[in-house]
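Peer 1: Sequence:
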Amino acid sequence: MLSRRLIHITGVVQGVGYRPFIYQLATQYELAGSVCNDTAGVQIDVQGQWENIDAFIDQVQKKTPPLSRVDRISIKEHQLHAVSEFSIVTSDRQHDVMVSVAPDQAMCPDCYRELHDPTSPYYRYPFINCTNCGPRFTIIKQLPYDREFTSMANFALCPTCESVYHDPNDRRYHAQPVSCDHCGPHLSWFYSAEDSEPAQIKEHALQEAVNGLAKGGVIALKGIGGFHLACDATNELAVQRLRQLKHRQRKPLAIMATDLQTAQQLVVGESAEWQVLQSQAAPIVLMRRRDDGLSLAQSVAPNMAFLGVMLPYSPLHVLLMEALADLGVRALVMTSANVSGVPLATQRDEIAQQFGGQLDGVLDHNREIVNACDDSVVHLAAGEIRVLRMARGFAPYSQACDGIQMPIIAVGAQQKSSVAFALPGQWMLSPYIGDIDDIDTQSRFITMSEYFPHLYQTQPKQWISDCHPGYFSTQFATEQNESVISLQHHYAHLLSVMAEHQYTKSVLGFAFDGTGWGEDETVWGGEVMVADIDGYQRIAQLKPFRLIGREQAIHQPARILYAMLLEHLSVEQIRALDLAIFKSWSPDYFDNLYRLWRSEKHSPYTSSIGRLFDGIAALLELVSTPDFEGESGLMMEQIAELLDHRCPNDPKAVQDCCYLNEKLIKSISNKHLDHGVLNASKAEHNEKGEPFYLPWNEQNQLDWWPMLEVLIQDKTQHDKGWQSQVSAGFIDALAHAIVVKSQQYLELPVVLSGGVFQNRRLLNAVAQDFTQQGRQWMSGKVIPVNDGGIAAGQLWYGIHHQTQTDRAN
Numbered sequence: 001m002l003s004r005r006l007i008h009i010t011g012v013v014q015g016v017g018y019r020p021f022i023y024q025l026a027t028q029y030e031l032a033g034s035v036c037n038d039t040a041g042v043q044i045d046v047q048g049q050w051e052n053i054d055a056f057i058d059q060v061q062k063k064t065p066p067l068s069r070v071d072r073i074s075i076k077e078h079q080l081h082a083v084s085e086f087s088i089v090t091s092d093r094q095h096d097v098m099v100s101v102a103p104d105q106a107m108c109p110d111c112y113r114e115l116h117d118p119t120s121p122y123y124r125y126p127f128i129n130c131t132n133c134g135p136r137f138t139i140i141k142q143l144p145y146d147r148e149f150t151s152m153a154n155f156a157l158c159p160t161c162e163s164v165y166h167d168p169n170d171r172r173y174h175a176q177p178v179s180c181d182h183c184g185p186h187l188s189w190f191y192s193a194e195d196s197e198p199a200q201i202k203e204h205a206l207q208e209a210v211n212g213l214a215k216g217g218v219i220a221l222k223g224i225g226g227f228h229l230a231c232d233a234t235n236e237l238a239v240q241r242l243r244q245l246k247h248r249q250r251k252p253l254a255i256m257a258t259d260l261q262t263a264q265q266l267v268v269g270e271s272a273e274w275q276v277l278q279s280q281a282a283p284i285v286l287m288r289r290r291d292d293g294l295s296l297a298q299s300v301a302p303n304m305a306f307l308g309v310m311l312p313y314s315p316l317h318v319l320l321m322e323a324l325a326d327l328g329v330r331a332l333v334m335t336s337a338n339v340s341g342v343p344l345a346t347q348r349d350e351i352a353q354q355f356g357g358q359l360d361g362v363l364d365h366n367r368e369i370v371n372a373c374d375d376s377v378v379h380l381a382a383g384e385i386r387v388l389r390m391a392r393g394f395a396p397y398s399q400a401c402d403g404i405q406m407p408i409i410a411v412g413a414q415q416k417s418s419v420a421f422a423l424p425g426q427w428m429l430s431p432y433i434g435d436i437d438d439i440d441t442q443s444r445f446i447t448m449s450e451y452f453p454h455l456y457q458t459q460p461k462q463w464i465s466d467c468h469p470g471y472f473s474t475q476f477a478t479e480q481n482e483s484v485i486s487l488q489h490h491y492a493h494l495l496s497v498m499a500e501h502q503y504t505k506s507v508l509g510f511a512f513d514g515t516g517w518g519e520d521e522t523v524w525g526g527e528v529m530v531a532d533i534d535g536y537q538r539i540a541q542l543k544p545f546r547l548i549g550r551e552q553a554i555h556q557p558a559r560i561l562y563a564m565l566l567e568h569l570s571v572e573q574i575r576a577l578d579l580a581i582f583k584s585w586s587p588d589y590f591d592n593l594y595r596l597w598r599s600e601k602h603s604p605y606t607s608s609i610g611r612l613f614d615g616i617a618a619l620l621e622l623v624s625t626p627d628f629e630g631e632s633g634l635m636m637e638q639i640a641e642l643l644d645h646r647c648p649n650d651p652k653a654v655q656d657c658c659y660l661n662e663k664l665i666k667s668i669s670n671k672h673l674d675h676g677v678l679n680a681s682k683a684e685h686n687e688k689g690e691p692f693y694l695p696w697n698e699q700n701q702l703d704w705w706p707m708l709e710v711l712i713q714d715k716t717q718h719d720k721g722w723q724s725q726v727s728a729g730f731i732d733a734l735a736h737a738i739v740v741k742s743q744q745y746l747e748l749p750v751v752l753s754g755g756v757f758q759n760r761r762l763l764n765a766v767a768q769d770f771t772q773q774g775r776q777w778m779s780g781k782v783i784p785v786n787d788g789g790i791a792a793g794q795l796w797y798g799i800h801h802q803t804q805t806d807r808a809n
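Numbering (UniProt numbering), first residue to last: 1 to 809.
Keep in mind the hints are simulated off the structure, nothing from the lab. Do not take every clue at face value.
To be verified - Derived BS3-like pairs: lysine-lysine, alpha-carbon spacing no greater than 27 Å straight-line:
hint: 1; residue 1: Lys-251; residue 2: Lys-202
hint: 2; residue 1: Lys-215; residue 2: Lys-202
hint: 3; residue 1: Lys-461; residue 2: Lys-141
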């Protein structure tokens, strides 16, 4: 018995080989009809024996091309019509746009094989790709995803490429970036970014880049989503020069290793870390650095226990790294080509503007980058791979969602900016943009804010922003729409985790970060909230202290420590402590900062856990002038690792831990309250190796003073290992405090969000306790818990309040 059915599929189903997959499946089951892309997804019209159609639909639901994601399948019966074969027809653009944009993907094994096959028309072609790999988001100008709407539109197909492009049985069928050396983009080598004409093209251009790098040069290299700065990672002079060019003093630099074997000589890791390193997302993976193996320049990641490593993910990178390996260079620094604070360069003239003629060359190509997209960064924490910077391979992140009735845009925060957009059927989050403090990054932010509405041919009906009036994103949203929903920063942090997990009910949320505008107009950052999709109640926070000189305190952590001490001690008492961090301060400087501290206007209160890390790191003399955001927390996490490796076989380290523990427990027991939770004996604390305790006081504030009071009086603070002991103890005590507070709300799942929870030691400790208790908890996996996820949290609120235009609090 004949039957005809119309099938509509939405999700990531364009540019991923979905139509040829359907064509081959329909042919297998002897069905007639057609398949086409439309602006909503894929439309399938099949006719044949009803049992064959049922089997076909069963396979469609069970199988899917590697890069696709099916969100919805709708099936309708239809009248029979005259049709004798199955075909792929031209895209239909008559429907509302619903299709999701696929992220760019690393080269697939088939293309890798052809890249090295002398008989292949794509042999050694730096832009080889197919429907299972290659650029997507970075080349799309408009939907549907057809070649004419991409940056490949001006490259006419040669006969060979046209043949495979139109062959439904070939994996390059309608692979929009398909091309070869005869018809596609090509490489160009410039000895200076300021040169108007290339010195070499194609294979010769690649060889010039190889020669330059092998001789210790620093070059710019155009990749899939932007330019990299690259140099030999074992050449100290080259790495130092690259740092000078980027104006980056200490922030660790990413390494591209020739292959897996080389990576294994640089780092050690868990199976999950190796898997994601080799995945098609191909991110930078932060893994534990080896003490032996391939020796890198000291300046690559000074004093860091972890190293960011990635493998070659584009055919250009593969060819480059293989040629360098033949010359003995097996690892490159591969970092974003931009001066610190400026957005990622996507054009050679931007390289010229930022670096002038200071580079040893530029390896360019003539495929336009429509959308800048940096390398993603991930790490393993609490047993899961977690994204720290969501970009190539992961972004745009999209999620199917019912109930969206209008286009909604959320513009995120000021740091680690991203933009989120919703329209009927789905919502999405853009890649990482950067800190929108300068005019260039602001311009890129505006471009991304306009991109999704343009892509989906619609205009936002609702705007959502942070409630900080000074954020550029807030000001921009207000200029676009008078009825902007303004959302509290830390509430949005919690909502971002809830959005990823599609959760709307009440949670107990810990939002720990560096900075966020509080509804009392102080600087928040250590907040405990009971929250749901309708709002939040702030139930606890870090005990506040002042930021002397506002932003200046962030750039000079000694001011933070001084402010904390001034909450309990006089200036004279602080000077008498003779702390090393204050050695360079004159009596007048102490007095001037004290007068500034007394001014609420110039020294607002903060409850920020991020700033608490700064204060403790200052006491430990780990960071005097931060080079990058979160450096204090990262340094404390790194140095805490030393204690884990030293304590088991070092009696002196164990003795020091117990000594500190005795003093701290005695101090806390005698002077401070924690609502009855502090009931462990000194012996119990010693057994756990917890030399610290952060109690919750009667005002529901996390009290840092008992810990600090003992530390500043401790006479062993200059002993070897003291920094490690304090760092480890402090982080573990913070984890314990989270668990203690959560015990008062056992009926609620716990959400952990904010940049502080990028600290692996902290998240691991909390997760371990929650797992032992069988406690439900959530934190970000793909959506970063730092400010890069704020826009997603804002959007999640907007999706559930589509008619509400008042301020949310």
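Peer 1: Determine for every hint whether it applies to the structure shown.
Peer 2: Outcome of the hint check:
no., hint, result
1, Lys-251 with Lys-202, "violated, 34 Å"
2, Lys-215 with Lys-202, "holds, 21 Å"
3, Lys-461 with Lys-141, "holds, 22 Å"
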